[in-house]
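These protein sequence lines map, in sequence, to chains A and B. Counting in full-length UniProt numbering, the first sequence runs from 1 upward without gaps. Counting in full-length UniProt numbering, the second sequence runs from 1 upward without gaps.
One should not assume that every hint holds.
Given that identical chains are not distinguished, each listed pair holds provided it fits within a single copy or across any two copies.
[As the list claims (entries may be wrong)] Straight line, CA to CA, 20 Å or less: simulated DMTMM-like cross-link-like pairs of lysine to aspartate or glutamate: (1) Lys-219 x Asp-182; (2) Lys-293 x Glu-99; (3) Lys-236 x Asp-260; (4) Lys-134 x Asp-48; (5) Lys-293 x Asp-283; (6) Lys-219 x Glu-186; (7) Lys-293 x Asp-443.
No lab work stands behind these hints, which were simulated from the structure alone.
2 protein chains.
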Amino acid sequence: MLEVEDKTPLPKSDEPATEALAFRDEEGELNPEFLAAAADAIEASEADRLQQLVEGFHESELGDLLEALEPDQRPRLIELLGRSFDFAALTEVDEAVREEILEELETSTVAEGVRDLDSDDAVTILESLPEEEKAEVLEQLPAIERVALQRSLDYPEDSAGRRMQTEFIAVPPFWTVGQTIDFMRETADLPETFYEIFVIDPAGHLLGAVALDRLLRSKRPVTIQEIMDDEPDRVKATEHQEEVARLFERYNLVSAAVVDEAGRLVGAILVDDIVDVLEEEADADIKQLGGVKSDEELSDTVLYTQRSRFPWLFANMCTAFLAAGVIRVFEESLERMVALAILMPIVASMGGNAGTQTMTVAVRALATRELGRANAWRIIRREAAVGILNGLVFAVILGTVASVWFQSPQIGLVIGLALISVLLFAALGGIFVPLTLNRFGVDPAVSSGPFVTSITDIVGFFSFLGIATVWFRL
Amino acid sequence: MLEVEDKTPLPKSDEPATEALAFRDEEGELNPEFLAAAADAIEASEADRLQQLVEGFHESELGDLLEALEPDQRPRLIELLGRSFDFAALTEVDEAVREEILEELETSTVAEGVRDLDSDDAVTILESLPEEEKAEVLEQLPAIERVALQRSLDYPEDSAGRRMQTEFIAVPPFWTVGQTIDFMRETADLPETFYEIFVIDPAGHLLGAVALDRLLRSKRPVTIQEIMDDEPDRVKATEHQEEVARLFERYNLVSAAVVDEAGRLVGAILVDDIVDVLEEEADADIKQLGGVKSDEELSDTVLYTQRSRFPWLFANMCTAFLAAGVIRVFEESLERMVALAILMPIVASMGGNAGTQTMTVAVRALATRELGRANAWRIIRREAAVGILNGLVFAVILGTVASVWFQSPQIGLVIGLALISVLLFAALGGIFVPLTLNRFGVDPAVSSGPFVTSITDIVGFFSFLGIATVWFRL
Chain A
1 MLEVEDKTPL PKSDEPATEA LAFRDEEGEL NPEFLAAAAD AIEASEADRL QQLVEGFHES
61 ELGDLLEALE PDQRPRLIEL LGRSFDFAAL TEVDEAVREE ILEELETSTV AEGVRDLDSD
121 DAVTILESLP EEEKAEVLEQ LPAIERVALQ RSLDYPEDSA GRRMQTEFIA VPPFWTVGQT
181 IDFMRETADL PETFYEIFVI DPAGHLLGAV ALDRLLRSKR PVTIQEIMDD EPDRVKATEH
241 QEEVARLFER YNLVSAAVVD EAGRLVGAIL VDDIVDVLEE EADADIKQLG GVKSDEELSD
301 TVLYTQRSRF PWLFANMCTA FLAAGVIRVF EESLERMVAL AILMPIVASM GGNAGTQTMT
361 VAVRALATRE LGRANAWRII RREAAVGILN GLVFAVILGT VASVWFQSPQ IGLVIGLALI
421 SVLLFAALGG IFVPLTLNRF GVDPAVSSGP FVTSITDIVG FFSFLGIATV WFRL
Chain B
1 MLEVEDKTPL PKSDEPATEA LAFRDEEGEL NPEFLAAAAD AIEASEADRL QQLVEGFHES
61 ELGDLLEALE PDQRPRLIEL LGRSFDFAAL TEVDEAVREE ILEELETSTV AEGVRDLDSD
121 DAVTILESLP EEEKAEVLEQ LPAIERVALQ RSLDYPEDSA GRRMQTEFIA VPPFWTVGQT
181 IDFMRETADL PETFYEIFVI DPAGHLLGAV ALDRLLRSKR PVTIQEIMDD EPDRVKATEH
241 QEEVARLFER YNLVSAAVVD EAGRLVGAIL VDDIVDVLEE EADADIKQLG GVKSDEELSD
301 TVLYTQRSRF PWLFANMCTA FLAAGVIRVF EESLERMVAL AILMPIVASM GGNAGTQTMT
361 VAVRALATRE LGRANAWRII RREAAVGILN GLVFAVILGT VASVWFQSPQ IGLVIGLALI
421 SVLLFAALGG IFVPLTLNRF GVDPAVSSGP FVTSITDIVG FFSFLGIATV WFRL
């Protein structure tokens with residue numbers, strides 16, 4: 001019976017006690033106990049214990065650990081782990097954290113760490129270095145790597161050229177499947193991962209691509225030319241990464257060739273980088289709609305965060321003063337009828353929320369290219385209709401409640417009329433503001449909010465106080 | 001000189017005129033002229049012209065075209081294209097559009113269209129059918145396909161089992177690389193795309209996986225066992241798709257094995273489906289933060305949209321009444337000093353916006369697992385500090401402007417004090433509300449908004465009117 005009752009798991013004697021510390025709990029959150037143990041090992045400069053803790057960690061786990069540590073512990077972790085620290089982990093942390101860490105490290109440490117990386121990861125790290133140090137690190141690299149990295153770095157920021165991997169396999173079209181497979185078996189220095197091989201002419205122009213499964217399914221004597229896709233998915237190196245991401249998303253790609261202006265193959269871009277781009281983009285949209293700068297991260301300092309949030313609050317303050325100016329026009333009405341002062345924030349807040357609903361849908365649809373010239377009018381009509389309908393419904397609800405609350409059916413009628421007008425204007429503002437900003441090349445996610453709420457506030461206060469003044473002859 | 005001046009491109013005589021109609025313009029938006037031409041062809045029931053227009057279209061382009069057409073034209077396009085219509089296009093449209101189209105089609109048409117699809121696409125379409133029709137379609141399929149699809153459909157909605165592809169390659173560990181490659185060359189009925197082959201025991205348990213590039217690089221006599229990764233990336237079929245997506249994102253995967261409760265291989269999940277899941281998830285977060293249901297689509301009807309947006313506006317109305325109740329407490333103060341009525345919306349609006357900023361950051365960080373128990377206190381302290389700092393800054397600005405506007409330094413002082421308190425509470429509300437909702441298993445993206453704004457409204461009105469009442473002895 002003892003075995004049945006004893007539910008405590010026995011410690012396995014052949015495993016060290018630290019093994020029991022899971023990096024993540026069941027919900028996927030970082031385990032605070034693990035973090036404490038790692039911080040302890042760093043503070044005590046116990047390289048062995050730290051090594052044991054992070055044994056077998058994936059670069060993304062190392063990255064998460066770095067972010068969770070206190071800022072001064074981060075470079076010390078890297079120094080303690082020495083050669084066994086995988087620099088790819090630095091590509092998994094926020095840019096601000098990466099910059100901070102790199103500032104603390106010796107250029108020779110960085111050069112050594114960068115050497116073992118795929119070119120796209122190396123570029124991500126080099127991007128985060130100040131010009132001078134970047135040059136120093138590049139100097140310490142072997143010439144071939146240096147040239148390849150320098151070429152990537154010469155492309156504009158956030159372009160396909162920066163995200164691409166310069167390691168790829170490219171064969172001539174007259175090779176056979178057998179030759180190609182033998183080549184891959186014999187070459188030690190292949191890219192770490194690849195999903196297609198490219199076909200080029202002697203001048204390096206991209207002719208085609210063969211997916212690996214296609215290659216595997218073909219018989220040895222077949223030539224590459226016969227099985228290659230001669231319209232391979234390609235992007236220009238100067239193309240913005242978001243455009244590349246849309247392409248991957250639209251055509252379900254895992255890999256695409258990157259070519260220069262002359263159509264010469266210069267690299268390959270893989271889906272894992274695209275997943276990161278899509279996440280960054282969604283992140284940026286979410287933050288911007290909430291009035292936060294797209295690059296704000298949890299790791300930012302208080303002062304930086306305060307300053308970065310200031311402009312939006314300032315813009316909001318200006319529009320709030322505009323709205324207050326509208327209220328002041330009706331100062332006398334308010335003095336005669338204080339109920340108006342009590343109810344007016346309700347009208348404005350309903351308008352603000354309805355406007356935000358429409359704006360959210362419009363901004364997102366613009367970002368995903370679902371909303372465009374072809375359907376703009378249809379969507380505007382739909383939003384206006386939704387606005388009027390919700391206006392009618394809430395006019396009845398709010399009107400009734402206000403009538404009862406202030407024992408005056410007339411005040412119910414006035415707030416109801418005001419609500420219909422504000423919800424219609426909220427719908428129109430919510431769609432026209434993003435469309436207009438987009439037309440003029442301004443990112444609607446960043447700047448729609450203050451415009452929409454100032455429209456709804458002004459229309460809300462003006463229509464409610466205006467209708468009341470006329471109705472009650474105040 | 002004529003050649004230089006003549007900039008009009010000559011029409012190529014060997015291409016039909018319709019070729020000139022691009023599906024998308026340079027900005028990636030659907031070309032309205034193309035849409036009009038397609039709609040014309042459908043209205044005139046000219047199958048040939050339509051066929052010519054969509055010749056060589058990718059499934060995603062066909063999908064975009066379907067969405068852009070008027071609802072009654074959509075099923076007619078499918079009927080006109082007949083066998084040449086690729087049913088995979090239906091997986092690229094909004095769920096509501098898919099359901100509408102499928103309702104209009106004969107079950108035999110659907111059954112035939114589904115037969116040629118990968119199992120994951122077929123499941124996506126079958127999911128959108130009402131139970132009865134789903135059974136009818138399944139009945140018309142060959143037994144093997146029916147069983148595989150039925151098994152996927154038996155897994156819960158939005159699980160890995162629903163998203164997986166049931167076509168995969170699985171070999172025993174004792175096979176050689178040569179045997180495996182020969183098998184793939186000789187088997188006609190392989191999955192359309194795959195990036196790894198799986199290794200199973202006779203009972204179907206997953207033992208390992210071999211990436212295709214690894215297979216290609218190995219010599220023919222090497223056994224699979226020697227080169228396989230014996231801890232392959234795997235997910236349970238019942239796992240939620242969002243958890244699977246986080247895994248792909250974290251470990252940069254392109255493919256993962258799907259196993260049942262007993263560890264038997266039942267399918268493979270590929271990165272292109274994961275990209276869609278990530279997009280859906282980001283979309284849902286953005287919409288929910290803006291007070292819109294996550295499944296709202298541009299293609300929804302006016303009535304559906306109005307009803308789906310109602311609850312959020314209603315919740316907002318209730319909190320607005322609460323705030324109005326707070327104002328009413330200070331009715332007498334307002335009667336004596338109408339300036340308070342003019343300025344109070346500014347305080348509330350500043351609080352609302354500051355709260356939204358913090359909330360946006362918190363909700364997003366919770367969704368991406370960047371915010372958790374390990375760092376919650378650090379983030380709370382940071383947000384509180386940012387709130388107090390911005391409170392001080394705006395107290396000075398707003399206080400000065402209000403003093404000048406109302407010729408009263410005292411009113412400036414009062415609004416400044418109120419602002420500090422409301423920005424601090426906004427920061428605390430913005431972080432505690434999402435954290436608390438998350439703790440209780442409620443999605444913070446859906447419900448944080450109304451809570452946060454009701455906190456900021458109530459604190460805003462109460463502190464401004466309260467401080468004013470005490471200060472001016474109203």
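Check the structure against each numbered hint from earlier and tell me which ones fail, lowest number first. 4
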